Amino acid sequence: MDHKNIARLITLLENTPEKAKEILTSLPRRTAPVIGFTGSPGVGKSTLIDQVIAKLRSSGKTVAVVAVDPSSPFSQGAFLGDRVRMKKHFLDDGVFIRSMASRGALGGLNESIYDVVELLESVGFDYVLVETVGVGQAEVEVRYVADVVVLVLSPGFGDEMQLLKAGIMEIADIYVVNKADLVGSDSLYDQLVSFLTFAGRDVSSVVKTSALNAHGIEELVNKITALWEKLVETGKLRELRRQRMKHHAENLARRTLQKYLSLADLEDPYEGVEAALRSMCERLKDGQGGGT
Amino acid sequence: MKKYRILIAKPGLDGHDRGAKVVAHALRDAGFEVIYTGLRQTPEQIVKTAIQEDVDLIGLSILSGAHLQLSKKVIDLMKKEGIGHVPVFVGGIIPPDDVPKLLEIGVCRVFGPGTPLSKIVQEVKEVLEGVTSANGS
Amino acid sequence: MYDKEQLKRIEEAFQQWQAQLENDLKKFPERKEKFLSSSGYEFKRCYTPLDVAEMDYLRDLNMPGEYPYTRGVQRTMYRGRLWTMRQYAGFGTAEETNRRFKYLLQQGQTGLSVAFDLPTQIGYDSDHPLAEGEVGRVGVAVDSLRDIEILFDGIPLKDVSTSMTINSTAVILLSMYAVTAQKQGAKLEELRGTIQNDILKEYIARGTYIFPPEPSMKIVTDIFEFCAKHMPKWNTISISGYHIREAGANAVQELAFTFGDAIAYVEAAIKAGLDPNVFGRQLSFFFAAHNNFLEEIAKFRAARRIWAKIMKERFNVSNPEALRLRFHTQTAGSTLTAQQPLNNIVRVAIQALAAVLGGTQSLHTNSYDEALGLPTEQSVQVALRTQQIIAYESGVADIVDPLAGSFAIEALTNQIEEKVWEYLEKIDSLGGMVRAIELGYVQKEIHKSAYEQQLAIEKGEQIVVGVNAFQVSEEKPIENILKVDPTLEEKQKEALRRLKRERDNKAVANALKELKQAAQEGRNIVPYVFEAVKCYATLGEISDVLREVYGEYTESTAI
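Residue numbers (the numbering used here), protein chains in the order written: chain Y, 1 to 292; chain R, 1001 to 1137; chain X, 2001 to 2559.
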């Protein structure tokens, strides 16, 4: 499918989520590696992804990237500037880059992210990369969307402790110590290794990279690929996809109920929910659209 | 929920992005999703981005005097790629004589130095709503 | 400067005055609730000896030409020699610009300042696809030594001082200039001038970078080293705040980020084994002259004192020549309006006056049609006359640092200095300027300031005469706006083709090969660029070799 059509379908999925089922079922079901990249602003995620894309392209793989940034809680607008770092891939037809605003979604990603990722898998991309900002507890949604989560860290941010507390550290499969040429990266690397050892995790999941001079990128890509293939082999991928679907369904359910919730007069939250459920059932009885 | 997506682009070699960033900020504060391309974009890169991001409006910021050439290239390419219907705004250092020439090329609005942000935001809204009602969607 | 008794009496009188004032204000409130400086500092209604009571004349001011140089970097300042009147000029072909240079020199300007087009600044020849539409537009197009030879034809380089606004490709233009001068019979050690060569501000505010920060800093220090040995009268860098200010920074940020950059350069040069007492003499600076007259004068004085302290206390410099901040000033382009353009003549005059009262070594005054196009001969003449009138008719050049001792000026100077130190501390805490730029900290601060300024204008809190107040319903169009000849791009490309046929291409290939090797091995690349330039390797060819070795930079966007 050409980029223009893919782009238009994504817009439809975002703006008219009720059409999602129709759109997705008309396309072939396909599974591709979905890799999430998360980390604080400034650690060099986008530059890293730029290098990862280059490496994947050099082995002939096609890549779709979704870069998610937060919407302003005040104006609901957003400034989406992540594509800038991936400039050199704009004219490559084997790369598709889309920026999305979170639009207030609870998990920090956009609510239609599941549909969009499924779409990108269906249209045939070999890899789907999702970039998101991960700083707090809310931003763990990427764990459900992605098969493999890469957490990017960089020395000098001092927020390693916060990340530990926030649980971000635990959801990652691969840890990248980026800007490895900077002072402090050895100490960061050591902290990571000791954290992982303590948590009984595999310390070989730490990779040192210096995105500016492409160090460690090949190692990173190899680890990602190897991990994904292992997920497939062991059947763990199927399980992860079930979790993804479950989480997606829960999101949909919440969103659906929310619609009815906002219409009810809320004085007592318990009564409010019951009233919402009742009116939803009535609508169903009248045959007015299940789902959403 | 429909949200308008606007592309703010810096075509050519001009490196001054104060205006582009200030306009992007104002549009964000007005509730739009703004995709910013960064500096040194070729017309090809701009059009590719506009396609992938399925934008509703394109704003070009040019202060180096190359506005006629660059705007024409972008618009010609947009038509070729089938997105010629997307409105294009141009802002920057534009001598008054060149404004009618830009409009003739197909630029929708031209904003010279001193244009208030509120005017830009208003015109963006007008044009987008005009397009929407024209499409009946 | 006042004894305790005097101060006590002044304090009492002041309190009484304040009390009376409260009554006045009830009847006649002031025009605004707060009167703010560009950096948000609230101006006092009236400054008194109380505001400068802690000052020590010899420690904080001293005589002109004496540390900390608050009052000026020379003892006689403009009584000895007026500031250099140096109008930034360049457009189209080398021939056209050569004509404009001669016109300006004839009209009485005392130094040359070259504007290059964007392809030249970014290392592309006029026939590069990215150069399309940009050739000769914002400055002169230079593809090879030949263009520089034409540019300075009939202008003896041993007799003029030339400033070149060139950064990523500064090493190439410096070589072309030096080789041209040598061909004219001049010696390298006689040459006077400046190359801007300030790559850090390109990442922050101007955008004509090519390579990433590390190799770019190496090129800068290579130039420092080369010029210290061979071109001692040449200013190796013009560390710039002008563009940072134009990008939206306030007066405090203008100084703070400029000095942040300067500290990074000095540290890099020291790390490369150079002596700050030596290369420090050849550093120069470049600031804006903005609207707030009093704040700007205070800013320039604060700048001198801050730099002297940085060099002495942070870098242990003892050579007085390396403690003195020498600077060029340009009146602030972004304050000029397209509406009622003749008003710009007044703006420029006030801004230029501030620069002179601030002790600038060299000055460019903008032309009134700046918001619409490059200056025409008529408009640049008025700009030059502005400087000449200030110099010869106003009398301000006849007394050195005449505003010293003004309670307001000294208080403002102190206040600005204090705030600059705060910023420098913050930058240090982030790990230095290069890191701060990588993190986007500097760019975000500037954008915040730019956005706030725009909102202030839109709310009417900041008046721009002719734009949000005192508008006219119908603007009178300016008859004559400079147009760049659209056929020149083709002419330049043809000249390039001819050059490549006529030169010794084997010699060029060889020189480029040597340059590449020198760059890869980390040697000083300046002599190799000289050799490449001599055989007419093009600017694009030389830049491409360096791109291969050093890579290219991608910006971070942040608002």
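None of these hints come from the bench; they were simulated from the model. Values in this document were obtained by computation on a predicted structure and should not be read as measured data. Fair warning: there could be bad hints in the mix.
If you anchor each label on the Cβ, the simulated ranges turn out as follows [claimed, not checked]:
1. Gly2431(X) / Gln191(Y): 31 to 39 Å
2. Glu2458(X) / Gln191(Y): 44 to 52 Å
3. Trp2421(X) / Lys4(Y): 51 to 59 Å
4. Lys2483(X) / Glu1129(R): 32 to 40 Å
5. Lys2483(X) / Ser26(Y): 51 to 59 Å
6. Lys2426(X) / Val203(Y): 48 to 56 Å
7. Lys2426(X) / Glu1129(R): 52 to 60 Å
8. Tyr2103(X) / Lys1080(R): 52 to 60 Å
9. Met1(Y) / Lys1101(R): 33 to 41 Å
10. Gly1130(R) / Lys259(Y): 44 to 52 Å
11. Glu1129(R) / Gly124(Y): 50 to 58 Å
12. Gly2405(X) / Pro1100(R): 55 to 63 Å
13. Phe198(Y) / Glu2054(X): 53 to 61 Å
14. Asn222(Y) / Gln1122(R): 49 to 57 Å
Facing chain Y, according to a computed beta carbon distance under 7 Å, are these residues of chain R, among others [claimed, not checked]:
15. Phe1032
16. Glu1033
17. Gln1045
18. Lys1048
19. Gln1069
20. Lys1072
Note that beta-carbon positions come from the ideal geometry of N, C-alpha and C, so glycine has one too.
Tested hints:
For Gly2431(X) paired with Gln191(Y), a C-beta distance near 18 Å fails the hint of 31 to 39 Å. Range check, Glu2458(X) to Gln191(Y): about 48 Å between beta-carbon atoms, so the 44 to 52 Å window is met. Between Trp2421(X) and Lys4(Y) the Cβ separation comes to about 55 Å, which falls inside the hinted range of 51 to 59 Å. In this structure the hint that Lys2483(X) and Glu1129(R) lie 32 to 40 Å apart at CB holds, the actual value being about 37 Å.
Checked against the given bound of 51 to 59 Å, the beta carbons of Lys2483(X) and Ser26(Y), roughly 56 Å apart, stay inside it. Our hint of 48 to 56 Å for Lys2426(X) and Val203(Y) is violated, since their Cβ atoms are close to 36 Å apart. Lys2426(X) and Glu1129(R) have their C-beta atoms about 44 Å apart, which leaves the hinted 52 to 60 Å range violated. Checked against the hint of 52 to 60 Å, the pair Tyr2103(X) and Lys1080(R) fails, with Cβ atoms roughly 45 Å apart.
Restraint check, Met1(Y) to Lys1101(R): a C-beta distance of roughly 38 Å satisfies the suggested window 33 to 41 Å. For Gly1130(R) and Lys259(Y), the hinted distance range of 44 to 52 Å is not satisfied, since their beta carbons lie about 30 Å from each other. The hinted window of 50 to 58 Å between Glu1129(R) and Gly124(Y) is violated, with their beta carbons roughly 36 Å apart. In this structure the hint that Gly2405(X) and Pro1100(R) lie 55 to 63 Å apart at CB holds, the actual value being about 57 Å.
Between Phe198(Y) and Glu2054(X) the C-beta distance comes to about 55 Å, which sits within the given range of 53 to 61 Å. At about 53 Å, the beta-carbon gap between Asn222(Y) and Gln1122(R) stays in the expected band of 49 to 57 Å. Given hint, Phe1032(R) at the interface with chain Y, holds; its Cβ is 5 Å from that chain's nearest Cβ, closer than 7 Å. A least Cβ separation of about 5 Å between Glu1033(R) and chain Y falls short of the 7 Å threshold, and the interface hint therefore holds.
With a least beta-carbon distance of about 4 Å to chain Y, the hint placing Gln1045(R) at the interface is held under the 7 Å criterion. At its closest, the beta carbon of Lys1048(R) sits 5 Å from a beta carbon of chain Y; the interface hint therefore holds under the 7 Å criterion. A hinted interface residue such as Gln1069(R) counts as satisfied when its beta carbon comes closer than 7 Å to some beta carbon of chain Y; here the least separation is about 20 Å, so the hint is violated. About 20 Å separates the beta-carbon of Lys1072(R) from the nearest beta-carbon of chain Y, more than 7 Å, and the hint is not met.
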